[in-house]
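Read off the chains here:
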Amino acid sequence: MAQVTMIVNGKAASGTVEGRTLLSSFLRETLDLTGTHVGCDTSQCGACVVHVDGVAVKSCTMLAAEADGADVATIEGQAAPDGTLNTIQQAFQDHHGLQCGFCTPGMVMTTAALLKDNPKPSEQEIRVHLEGNICRCTGYHNIIKAIYAASGQDVAALGAD
Amino acid sequence: MPKDGEIKSGIGASSKRREDVRFLTGNGNYTDDINIRGQAYVFFLRSDIAHGTLNSVDTSAAAAMPGVVQIFTGADFEAVGGIPCGWLVTDKHGEPMQEPKHPVLAHGKVRHVGEPIAAVVADSLEQARDAAEAIEVDSSELPAVINMKDAFKEGATKVHDDLTSNLCYDWGFVEENKGAVDEAFKNAHHVTTLELVNNRLVANPMEPRVAIGDYARSDEQHTLYTTSQNPHVIRLLMGAFVLGIPEHKLRVISPDVGGGFGTKIFHYQEEAFCTFAAKACNRPVKWTSSRSEAFMSDAHGRDHVTTIQLALDKDNNFTALRTDTLANMGAYLSTFASSVPTWLHGTLMAGNYKTPLIYVNVKAMFTNTVPVDAYRGAGRPEATYQIERVIDMAARELGADPVALRRQNYVTEFPYATPVAVEYDTGDYHATMDKLEEIGDFTGFEARRKESEAKGKWRGLGINNYIEACGIAPSNLVGQLGARAGLYDAATVRVNATGSISVMVGAHSHGQGHETAFPQVVADMIGIDESQIDIVHGDTSKIPFGMGTYGSRSLAVCGSAMVRATEKIIAKAKKIAAHLLEASDTDIELKDGMFSVAGTDKSVAWGDVTLAAYVPHNYPLEEIEPGLEETAFYDPSNFTYPAGAYACEVEVDPDTGKVTIERFSAADDFGNVINPMIVSGQVHGGIAQGVGQALLEGCSYDEESGQLLTGSYMDYAMPRADDLPFYSVDHSCQTPCTHNPLGVKGCGEAGAIGSPPSVVNAVIDALHSGGKEVAHIDMPLTPDRVWNAINNA
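Protein chains in written order, with my numbering: chain E, 1 to 161; chain X, 1 to 793.
Note that these hints are calculated values from the structure, not bench results.
Only a predicted model underlies this, so the values are computations on that prediction, with no experimental measurement involved.
Idealized CB from N, CA, C, for every residue including glycine.
Heads up, some of the hints might be wrong.
Claimed, not checked - Some chain E residues judged to face chain X by a derived CB distance under 10 Å, without partners named:
| no. | residue |
| --- | --- |
| 1 | 13 |
| 2 | 40 |
| 3 | 45 |
| 4 | 63 |
| 5 | 65 |
| 6 | 83 |
| 7 | 135 |
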């Protein structure tokens, strides 16, 4: 067992973990940050994406011990303190970019990483960037629109109803 | 008809979803997010062989491992019932189906990879998993029967020793018509025959299943938290048939559920186990499925092998249709498994067409595979795929235009009684095809084909119609057909003193947006703001006895119950208003949340009436009770029949066999639409699953060993964003359902039902445009299969 300490959503967090404890388990079980979801066990689905030191990471594929000393951002830290949705979250609601909501935290965190690196992505760039995030509900149609809108581009230009 | 977005609130408005806020901020409450103080964790040791005799299961070493609370094996469950099947199918000779016992934990034999053998309950999941590795299972492997044709052969290995064979039932429908159908084939001008496979799929909602059992000795109360589409169904099946717990001592809670698609309808062993073990261990017991477990324990879908024949006269009128299907049940009968290839499939074999004579034969087979049950569409995609593929093939054989051939044979007069025992109440198939030709820009297709050819690609256009039976289901009818439950639904409308409303519904929302759409209906009826109304669902201790969400039934059945309950509320509120206004209740009108006396300026607001109901100082107590709360149960008098026309345009790369979807268009008739935004989203998601079936997804087993070859997202190809295009969807063709109060038909399954045939039809069309006379390719149309078809043509 090892003690880990990290910054999570701007606050210091610590706990005792086994060597095999995954970051996703540490966030969900130890810190009770259950917004990060686990949808598979092969690093394919992306429901567990968080940011570690500013980089999008599948938290089911990183040991909690590896995140010792890191700055971690999760879905719980994305809205303003008063609950106001951030631009990406608001775009997902405006464009019906979620249904059951299970993949959504990963989608939002992946989008944030995309827009940081590529503020005005094309439709195709968005689709390719979502390669590691599976949604079973939306058929991606409205997710693409939401991300395009969140980037400040005119959704009408996509030619999608 | 108003355009999308013109209506700002109530019925017809694209109200933004209120549930999104919690999902977008990480505040959803999914079952795995629930932790109960003192809970233990269970890990299931599952069979790694497809078929074998369990000689012994030695748990002694495992029991001594750190943290282990208790270990259970099949012997611990001998006294409880098996997992029940909810539908008794009677075969063509009038005999009941063969129905093997489905144990909670395997006992004596294992019959599929993934079947649970033992369950370790420990203080932590890691300890449970470690201990499970120390269990010694001594088993003798037996030959596995995987392929249905093998299972059907004389002398085949039997999945169940106590059954006479692997045949669950041999169903004929409508058996009395068989002779006339055969005769029509003899007299046909042309017969088209197609053998096809409807590929086995895994539903894969993104949230894996979870179950938490809890038990309070003080009041003998069991609670099960579970990822279910229908908590009352689970309470009924598990309480009455498996564990013998009376309803008043069993509470089932399904909180936020991360997608269902059918596979979360069924009652599973893990639910019964956690409920049982919580009492036995006197601790809450939690199970969270991994995705790997999900692949080998969630019920799979589809898996039919079919020969379909269509007979036509010299004028290309359809004269008869017959189909022979082998349907895979897997190793045991899941909750609704038996009904899917029969009543949910055979009754739809008329499709959108006036084919006068139809005969359907289905042989349901046991195999050493995971049980197969309903998956989005459930029987109706299998029917649609056959009909729409064989029509396309007939059109090609006859040199007929595939649109014209369909149009010529449409049902055009309603109500229409099909030869397969259902009556379509309403529809307009020409209208949806007209709309499809418009949104799919059929006239521009040839130009696009030439553009593709210039790039060295072959372009194809595929179309199809579909019809489905939704709004499941009239209880008296399904009871005659073998259903072991009623299929009504229920709603309680509780008006609070200050006028806000809680609506407790039997339907369950796991992505469909009920929390937004249902209030739109009540708001519209009363004339108050949607924000004044909340929906409560997913907890048997809070909601009336409803049957949950599947079969595109929520709005058509539970929504109708909600309308009926709201009508009772309004009738009572009018009496209260009449008292307050000193008028007759027959003169009271309700508009925009105000009760007024017809022809006068006297009025009283909704909130004043509701307050009077709960503070009955000035109130007709001798005539009506105080309070304002009403319940209604609604049992539909017929199914609903959503229908539509879909078109897919593909490009095929002849060098690699890769198929790219270039356009996808869907013109649906869902009757009236409450929230167009949500309806479009449902169609998008359904199309993605249908395209997934057509191009990507296929669950496969090794036929020798019975090992599951597609056991993770590394092997099972889920559709991803770059596999799919934007979809053009339209639901402006609306022929309202004639028999429910909202005139709604249901939209949840349409996309998955309607899309596979058009994808396959498009690929076949593309291959023909490239000069390859390929008649058929079985799904999924992977580059490998398409390339081989091209190169072997």
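TODO: Find the hints from earlier in the document that the structure breaks and name them by number, from lowest to highest.
DONE: 1, 4, 5
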